[in-house]
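Enquirer: Converting from the sequence shown to this note's numbering requires adding 6 to each position, the first position being numbered 1.
Derived from the structure by calculation, the hints contain no laboratory data.
In this text, a Cβ means the ideal position worked out from N, Cα and C, and glycines have one as well.
Where hints are given, some of them may not hold.
[Claimed, not checked] Derived DSS-like pairs (lysine-lysine); straight-line CA-CA distance at most 27 angstroms:
1. 146 with 160
2. 59 with 79
3. 167 with 146
[To be verified] Pairwise CB distance ranges, derived in the manner of DEER restraints:
4. 24 with 106: 38 to 48 angstroms
5. 98 with 59: 29 to 39 angstroms
6. 123 with 23: 13 to 23 angstroms
7. 12 with 47: 16 to 26 angstroms
8. 135 with 24: 32 to 42 angstroms
9. 76 with 43: 19 to 29 angstroms
10. 136 with 85: 14 to 24 angstroms
11. 167 with 18: 10 to 20 angstroms
12. 137 with 76: 27 to 37 angstroms
13. 100 with 27: 40 to 50 angstroms
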Amino acid sequence: MATAYQNLSEYDFDSVPNASEMNIGIVVAEWNKGITEKLLEGACNTLERHGVKTDNIIVRRVPGSVELTFGAKRLAESRDLDAVIILGCVVRGDTPHFDYVCDSVTNGLTELNLMYDIPFIFGLLTTENMQQAEDRAGGKYGNKGDEAAVTAIKMVDFSCKV
Numbered sequence: 007m008a009t010a011y012q013n014l015s016e017y018d019f020d021s022v023p024n025a026s027e028m029n030i031g032i033v034v035a036e037w038n039k040g041i042t043e044k045l046l047e048g049a050c051n052t053l054e055r056h057g058v059k060t061d062n063i064i065v066r067r068v069p070g071s072v073e074l075t076f077g078a079k080r081l082a083e084s085r086d087l088d089a090v091i092i093l094g095c096v097v098r099g100d101t102p103h104f105d106y107v108c109d110s111v112t113n114g115l116t117e118l119n120l121m122y123d124i125p126f127i128f129g130l131l132t133t134e135n136m137q138q139a140e141d142r143a144g145g146k147y148g149n150k151g152d153e154a155a156v157t158a159i160k161m162v163d164f165s166c167k168v
């Protein structure tokens, strides 16, 4: 749903399962660091609010958004994780680079979700301008990092029940 109709940080707290036994990996792009660090802060705070121990949140950084899928794959292979969240921010420019980056990350994450038995969560902002990114990294539309963390917890719970 468009964030103009739903705040990314608003959700029913009681609908999120207890996450005290979960191990969550987060891979964060360094590109657009002012945005991605806010996304990371939101994700970590939300995970901790739902019981994930600080020591069970493994954060790794990669240079840019295209590298997120490789980073997520390597993190999943090197740790015993229940889910991996990717966080990045791509802002449209004057060239088609935006489309290639967004397609690469989307397709790569879809592949990882099909290859592995843990969920890989899409926390990539794809915006037209920096203001839209700021609005979704703790601004007027909430924080995409919060949404990604809630999604990770719910998907881990889902995986345990099927």
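Enquirer: Taking each numbered hint in turn, which are not upheld by the structure, reported in ascending numerical order?
Expert: Violated: hints 3, 10.
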